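A.B. asks: Dock chain D against chain C, hints included.
Take a look at the letters that make up each chain.
Protein chains: 2
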Amino acid sequence: MQNTDNLDFLFHPRTIAIAGVSNKANKFNFGLKFLEGLTQYGFPGKIYPVNPTGGKIKGMTIYRSVKDIPGQVDFIISAIPAPYTPQLVDEAAEKDVRAIHFFTSGFGEIEDDEGRRLQAEIIDRAKRGGIRIIGPNCLGLYCPSGGLAFNSDFEKTGGSVAMISQSGGNAAHCIHDGTSRGIYFSKVISMGNGADLNESDYLDYLAQDPETRIITAYLEGTRQGSRFFEALKTAARAKPTIILKVGTSESGAEAAVSHTTALSGSDQIWNGILQQAGAIRAGSIEEMMDIALAFEKLPAPAGNRIAIVGIGGGASVLLADDFSHAGLALPKISDTLRHRLMRVFSSEAGRIFKNPIDLNHFETPEKFFKTLSTLDQSDEADLLVIHVALDHFGLVSSQEKELWVETYLQLITQAQKQLVKPLAVVLHSYSSKAMNALAHKALKEMAQAGIAAFPSIPRAAAALGKFTRYHDRRMA
Amino acid sequence: MQNTDNLDFLFHPRTIAIAGVSNKANKFNFGLKFLEGLTQYGFPGKIYPVNPTGGKIKGMTIYRSVKDIPGQVDFIISAIPAPYTPQLVDEAAEKDVRAIHFFTSGFGEIEDDEGRRLQAEIIDRAKRGGIRIIGPNCLGLYCPSGGLAFNSDFEKTGGSVAMISQSGGNAAHCIHDGTSRGIYFSKVISMGNGADLNESDYLDYLAQDPETRIITAYLEGTRQGSRFFEALKTAARAKPTIILKVGTSESGAEAAVSHTTALSGSDQIWNGILQQAGAIRAGSIEEMMDIALAFEKLPAPAGNRIAIVGIGGGASVLLADDFSHAGLALPKISDTLRHRLMRVFSSEAGRIFKNPIDLNHFETPEKFFKTLSTLDQSDEADLLVIHVALDHFGLVSSQEKELWVETYLQLITQAQKQLVKPLAVVLHSYSSKAMNALAHKALKEMAQAGIAAFPSIPRAAAALGKFTRYHDRRMA
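As given, the protein sequences belong to chains C and D, one line each in that order. Oh and the first sequence: position 193 is 193 in the working numbering, straight run, nothing missing. Oh and the second sequence: position 216 is 216 in the working numbering, straight run, nothing missing.
For reference, chain C alone in the conformation it holds in the complex:
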């Protein structure tokens, strides 16, 4: 049995066999979906389809058994029915396979003694054969550097954010959401029931994985309380570790049992565990990705004082409320700084040089940039935020707004390179059709330029609040 401290072999197999690839048209031919996913994503190694019926698929030979495959097989993806899995494990052991990912469901997660018995049996056989198991009942691995993906649409660019997920759907959601916002992943593990390798094993591994800088996890529960606590503590000491622990309601806990058999445990106990371990607790999938974005894109701030610049009195009030309630400080701007800012403009008329700073009209890029650099050079804030509320400009036509957004984008990209303090962007209020299209383009361009951009005031506030609190704690 391998040391779980190094699970690199899972993420860089040279050859993969896919058990359960049928060449018959069938909408539940999941083996074929894995095959298509890997080939279209561009897995660089050899792929072998396996099915007792034999035959051909997409010009590839379907092997009747793993044992018939010529040469070494490093990894198996199994989409075969549960009753055939013990035999697959034995054959894999004979072939010196190192790991099997069981997409196959019908094990411990169903309320059925036979399922539980089968799960125990495959784990037992795998242990004896020196094979590690991912799952069962999961979508498996996404690792751009290893050419692994369970969906051909997944982003090819890799990054430094890892995710452990007790839900394949939530993992897929995060991969799509993250990569659309400039969060690129090192490894995403949809771990299912975690019958062999579990959340603690993956945490141990990711804590020391040089490719991973930030760890996220969607957890429904854990079976190894104290071991998990140790693993979490180690991980959180090494890297920002963001946990979405669900099953916090009675109904949610019951849904979790049906889903992955995870026992959710008391939410208060979990709060204590996460806090003591130094992990960051996220309240939703969206928030977990928002916090990861902050860590991915922003340098550590020196404190929690934030200065906000944008246009719109109503937006300023919303920003001030939400950022304050999230634990961020909006210090009053000193007279000295206020006069310095006023000198950027010809007059104060129509502008509010408080915090948030409301420029009221859209300014020339030079003046906007001068405002930012004046704040950047001051000692009165640790973090800068620009907010752009597209649908707020009540009197302005869509065409004019398009020009503005172009200018804003230029300016933000330029500013982000030149400012010393961390700079985050809130691009919000873009429901109209024209502004929605514009915002999605702008968000994508900002993501590519390495800028942390949030899609609403409440979401930006929650994420930046937890981001700065983490750094405050680390400095304390």
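Rather than coming from a laboratory, the hints here were simulated on the basis of the structure. Possibly wrong hints are sitting among the right ones.
Which copy? The list can't say, so a pair holds if one copy fits it or any two copies do.
To be verified - Pairs of lysine-lysine, PhoX-like flavour, derived with a Cα cap of 20 Å: (1) 156 to 433; (2) 444 to 433; (3) 367 to 417; (4) 417 to 370; (5) 67 to 56; (6) 127 to 417; (7) 433 to 332; (8) 332 to 441; (9) 441 to 367.
Fair warning: this is a prediction, and the values are worked out from it, not measured in the lab.
C.D. replies: Same frame as chain C, but now just chain D:
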């Protein structure tokens, strides 16, 4: 002075003069923006541009004074500098104008004695002249049935949701957001400083306005505590009244003072006022629109028991947690109902007939519809929710998902017409480019079909929680 119980005359002027329309190119020519907004939106009456310089604009005569306009002028939009406004009021009084909307800023909202003096003066002159004032320092009115809009992009279709806003930007945001989701407006009032007509006047009016079925308001504060409480109580007794009261933090309260001079008041006192009056308190702009959507589209539920149907174990846990925490009950499904549901399908394999119900695979429209109608006929839930998580289907290609969404849409539209219980939809998880485009199309089609669709689990939970709590209280 007119009775504020009937402000209909504000929303259906036959003629509008716009003071401050310049025919010189100037990016701050806001009078021209109002002119373009009204003409392009399709205001059916006469529009007269006014400017002391005279001349022509877009083929229209620019009158040197309101007094020079031939015939009656019902309404004036003023975009002239503050110092000239007292004279405008006097001239308007001579012309028997009934109301002036002052877009003009530089009055009570600036920290300046002259501004405050000017504001008192125009209000005094208006009172003597029998003129009502909207503003100053605001974007004014949007009323589709009167052909009024301050932006030509605004939706032409009118509806039954009203909004009072102490921020023009937030009003514009809500108009774009609402109409993109099937929330159509009766009247939106960007009221600015509210120096004459204020939030209480508008509440009084909307409470008895037959065009208005649901009232929303973005408030930074009020100057007439007890009168406001009475107005709110009357409004909330008559119609669902959803209030976003901001300035709840020290920074937010200060930003509110700079913005509209509104004194925010203690948040605890506001909580008490809103609760006693029977109003619904929203926590954000997004939530205010989400709650309005629920009231606009859903019939009153008989209670707070919710049954959720969709695909995805992880999504089920998130839904169960968020809906429970929002105060909704997710009752356990009885054995009788469970067996009835199982009979819809050939077997239970891969499905979870708990609540949320996880169908695991996408089913035929017939089976999905049968599941819904079985729940609809049961006595075990008061509200039904379908959730569709596009990016969750980890193994499925974008093309296949497109087909699914088409089928889902058909089914949801069909179901919504046939079910007795209220049905809400959560369409979530669509960050990938293909799914984002698909979701926006689907959300738009659902909006047009009169379906309440929410863009994320947390937002659906918060809105439906407040929606059912309102009905619970009304029944108690």
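A.B. asks: Could you run down the list of hints and mark each one as holding or not?
C.D. replies: Each hint tested on the structure:
no.: 1; hint: 156 to 433; in the structure: between (29 Å within a copy, 15 Å between copies)
no.: 2; hint: 444 to 433; in the structure: both (17 Å within a copy, 10 Å between copies)
no.: 3; hint: 367 to 417; in the structure: within (17 Å within a copy, 55 Å between copies)
no.: 4; hint: 417 to 370; in the structure: within (14 Å within a copy, 57 Å between copies)
no.: 5; hint: 67 to 56; in the structure: within (17 Å within a copy, 89 Å between copies)
no.: 6; hint: 127 to 417; in the structure: neither (52 Å within a copy, 55 Å between copies)
no.: 7; hint: 433 to 332; in the structure: neither (37 Å within a copy, 41 Å between copies)
no.: 8; hint: 332 to 441; in the structure: neither (34 Å within a copy, 44 Å between copies)
no.: 9; hint: 441 to 367; in the structure: neither (25 Å within a copy, 39 Å between copies)
Hint compliance for this structure: hints 6, 7, 8 and 9 are not met, and every other hint is.
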